[in-house]
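Each chain, written out:
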Amino acid sequence: MSSKRPQPYFSRSQVTLVRGLWMVVTAILAFMTLFPLLWMVSIAFKPAAESFSSNLIPQAPTLDNFIYVLTGVPFIRYMVNSFLVSATVTIVALFFHTMAGYALARLRFPGREILFLSIFSTFLVSLPVIIVPLFVIVKAMGMLNSYVGLIIPAIFNAFGIFLLRQYYLSLPKEIEEAARIDGAGYWRIYWSVILPLSRPIMSALAILFFLANWNSFLWPLTITSDPNLWVVQLGIANFKSQYSASWNYMMAASTIVAIPTLILFVIFQRQIMDSLKTSGLK
Amino acid sequence: MASVEIRNVVKRYGALEVVHGVSAGIADGEFVALVGPSGCGKSTLLRMIAGLEEISDGAVAIGGDIVNEVAPKDRNISMVFQNYALYPHMTVAENMAFALRLARLPKDEQKKKVGEAATMLGLEGLLDRYPGQLSGGQRQRVAMGRAIVRRPEVFLFDEPLSNLDAKLRVQMRAEIKGLHQRLRTTSIYVTHDQIEAMTMADRIVVMRDGNVEQIGTPLELFDNPRNLFVASFIGSPSMNFIKGEVVDGTFRAPGGFVIPAVNLAHKGPAIAGIRPNKLKIGAAGPVAKVLIVEPTGDETHLLVELGGAQLAMLLRERISLAPGDQIGLAFASADVHFFDGQTTLRLGRGDATTGALNA
Chain A
1 MSSKRPQPYF
11 SRSQVTLVRG
21 LWMVVTAILA
31 FMTLFPLLWM
41 VSIAFKPAAE
51 SFSSNLIPQA
61 PTLDNFIYVL
71 TGVPFIRYMV
81 NSFLVSATVT
91 IVALFFHTMA
101 GYALARLRFP
111 GREILFLSIF
121 STFLVSLPVI
131 IVPLFVIVKA
141 MGMLNSYVGL
151 IIPAIFNAFG
161 IFLLRQYYLS
171 LPKEIEEAAR
181 IDGAGYWRIY
191 WSVILPLSRP
201 IMSALAILFF
211 LANWNSFLWP
221 LTITSDPNLW
231 VVQLGIANFK
241 SQYSASWNYM
251 MAASTIVAIP
261 TLILFVIFQR
271 QIMDSLKTSG
281 LK
Chain B
1 MASVEIRNVV
11 KRYGALEVVH
21 GVSAGIADGE
31 FVALVGPSGC
41 GKSTLLRMIA
51 GLEEISDGAV
61 AIGGDIVNEV
71 APKDRNISMV
81 FQNYALYPHM
91 TVAENMAFAL
101 RLARLPKDEQ
111 KKKVGEAATM
121 LGLEGLLDRY
131 PGQLSGGQRQ
141 RVAMGRAIVR
151 RPEVFLFDEP
161 LSNLDAKLRV
171 QMRAEIKGLH
181 QRLRTTSIYV
191 THDQIEAMTM
201 ADRIVVMRDG
211 NVEQIGTPLE
221 LFDNPRNLFV
231 ASFIGSPSMN
241 FIKGEVVDGT
251 FRAPGGFVIP
261 AVNLAHKGPA
271 IAGIRPNKLK
281 IGAAGPVAKV
291 LIVEPTGDET
301 HLLVELGGAQ
311 LAMLLRERIS
321 LAPGDQIGLA
331 FASADVHFFD
341 GQTTLRLGRG
351 DATTGALNA
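Heads up: the protein sequence lines correspond to chains A and B, in order.
My numbering applies: residue 1 is where the first sequence begins, and numbers increase by one.
My numbering applies: residue 1 is where the second sequence begins, and numbers increase by one.
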């Protein structure tokens, strides 16, 4: 629009200038975000001796790091663990979050607002703050060193409930009323009307949940000492010991771990952007 | 099919009472319109009949059985919503079959019933489309299809035509009326548009502020409005009102507006009302000043001023007048309705034996 028609307030050269400036700013931001990733990939292809050299293109590119990561340590096992935990958390969380969000948006019961506020307020508390009491509880319940211990505490998440509740509030009430007159009960309305209608927001949340759990480190570190239960982030961290760090292996492992998230992002870009826009958060 | 009985129905939201003891009887097969300005409680009343709102007091009976505690799905009703409320993720056929599916009807029977309803509404070609791919009129038709597949005993319509453009509204109005004449299902139709109510309904319930103002056939309401509100609400353009006083059987308004020999026992403040189409141009009558002339082709709308009051006129003929012209007014005093100035209740009409208005 601005380039075709004469602008009432700004001349064309001004518009071009402002645009140019924006491009420069975004280019700098993009570079700052992308460079560490490029660096990661670069180191992943360098032999150990070259890890700290400043050249971006490896002098002697090698696949040894990848081969070691995939064969020298049970990294495949870590990936399977991560996938198992992330996928289970995502599916179970979505199931409960949609129900909770719908209940908080539509069912009328005493204390609803207070309940919602108290769920919402957990936004203010981050994991490190509650990690000790959470550990004590999980230990008391005998869930240390188990998949259950990895999965169950990760299911509760105020963000999903909040986002779904906002979404359900925006759905026209008449659709549910029509379903009631058609003979649907609460469960039927939830299952046949609400769930199909929340497909877009659920796919966005699924990605966010999956990525968050795929990348989670602190909680798995806290409750798993059995290497058979390690997730990928623990596997990566394990390349670093007290006195040395195999950066070339860590970067190769990180590159491998980043691939699924990249694929997810490329496929579901639109939903991720939509979810961030609708929530106005993050 | 069934009758609907509304007995002293009250709706309260906490301390706020919005429907104050409404009673109305709707006969089997009748088409009744609930009409009134927005906020008058007509939609709330309909939703109480549907079971979407709880009834705070009183009773609603469908087919003789009190349904206050009966779930909407068991009341044997179906409802058409203003914004259609179609399920966006289902095709037209699925939308229409949803209630049948929930009632666990066999698949082939579902298909047959949906097919019948689709034929009735001319939706055969659209069955595989999604609501998002339909126009407003088609969506409305699907919403009606969803209502009729169940063959309910009562149809409830909640301002179903409000979201359509004027032309489509007239067309759908005729279609709904035609459908009712074919199916003869008891129908309750909420609208704020009195023309819709007048053209479609067998009887009209006029509501205001949570009370019933009058119940009657369209022509009864038009000819014998019970009070000033009904008189002003029914009819378009609406009735002209002139405030004045009745002294010794003569109505006098400020500005020398006099109707003699009004055969009324009433004394004191009164309001005279006359419909725009009952005001004619006559050489003998009082002289009014033309303010606005609106020719529509078939008829001419005039706004004139007489004794400080503005009066609308609706003339069947084409006339050449310009703002500022002076015309004489004539009308039969039998066409003048009188209302009590305090209670706004209708007192009666002018005496048919007297002639034109004397100023």
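Since the hints were made in silico from the structure, they are not lab data.
Take the hints with a grain of salt, since some may be wrong.
What the hints assert, rightly or not - Quick list of in silico lysine-lysine cross-link-like pairs, DSSO-like style, CA-CA up to 30 Å: (1) B:K267 - B:K278; (2) A:K173 - B:K113; (3) A:K173 - A:K240; (4) B:K73 - B:K111; (5) B:K177 - A:K173; (6) A:K173 - B:K267.
Stated by the list, open to error - Here are some, though not all, of the chain A residues that point toward chain B, as calculated from beta-carbon distances under 7 Å: (7) D64; (8) I67; (9) A105; (10) R108; (11) P110; (12) E113; (13) I175.
To be verified - Which residues of chain A face chain B? A partial, calculated answer using Cβ under 10 Å: (14) R19; (15) R106; (16) P172; (17) D182; (18) G183; (19) A184; (20) G185; (21) L197; (22) S203.
Where a beta carbon is used, it is the ideal one built from N, C-alpha and C, also for glycine.
Consistency of the hints with the structure:
Restraint check: the Cα-Cα separation between K267 (chain B) and K278 (chain B) comes to about 25 Å, which is no more than 30 Å; the hinted pair holds. Note on K173 (chain A) and K113 (chain B): the hinted pairing holds, with a Cα-Cα distance of about 27 Å set against a maximum of 30 Å. In summary, the hint linking K173 (chain A) to K240 (chain A) is not supported, as the alpha carbons are separated by about 55 Å, beyond the 30 Å threshold. Between K73 (chain B) and K111 (chain B) the CA atoms are separated by roughly 21 Å; this keeps the pair inside 30 Å, and the hint holds.
For the proposed pair K177 (chain B) and K173 (chain A), the alpha carbon gap of about 28 Å is at most 30 Å, so the pair holds. With a C-alpha separation of about 53 Å, the suggested pair K173 (chain A) and K267 (chain B) falls outside the 30 Å cut-off, and the hint is violated. Annotation: interface hint on D64 (chain A) violated; nearest CB of chain B at approximately 51 Å, more than 7 Å. Restraint check, I67 (chain A) versus chain B: the minimum CB separation of about 48 Å is more than 7 Å; hint violated.
The criterion of a C-beta within 7 Å of any C-beta in chain B is not met by A105 (chain A), whose closest approach is roughly 17 Å, and the hint is violated. This hint is violated: R108 (chain A) has a C-beta 11 Å from the nearest C-beta of chain B, more than the 7 Å allowed. At a threshold of 7 Å, the smallest CB-CB gap from P110 (chain A) to chain B is about 14 Å, leaving the interface hint violated. Using the Cβ-Cβ criterion of 7 Å, the hint placing E113 (chain A) at the interface with chain B is not satisfied: the shortest such distance is roughly 16 Å.
Annotation: I175 (chain A) was flagged as interfacial toward chain B, and the flag holds, the nearest CB pair being 5 Å apart, inside 7 Å. For R19 (chain A), the suggested interface contact is broken, since its CB lies about 36 Å from the closest CB of chain B, more than 10 Å. With a least beta-carbon distance of about 13 Å to chain B, the hint placing R106 (chain A) at the interface is violated under the 10 Å criterion. Interface restraint check for P172 (chain A): the shortest CB-CB distance to chain B comes to about 6 Å, inside 10 Å, so the restraint holds.
Interface restraint check for D182 (chain A): the shortest CB-CB distance to chain B comes to about 4 Å, inside 10 Å, so the restraint holds. With a least beta-carbon distance of about 4 Å to chain B, the hint placing G183 (chain A) at the interface is held under the 10 Å criterion. The closest approach between the C-beta of A184 (chain A) and any C-beta of chain B is roughly 6 Å, which is under the 10 Å cut-off, so the hint is satisfied. Interface hint status for G185 (chain A): upheld, as the beta-carbon distance to the closest one in chain B is roughly 9 Å, under 10 Å.
Here the hint on L197 (chain A) is kept, as its CB sits about 6 Å from the closest CB of chain B, short of 10 Å. With its C-beta approaching chain B no nearer than about 14 Å, S203 (chain A) sits outside the 10 Å limit, and its interface hint is violated.
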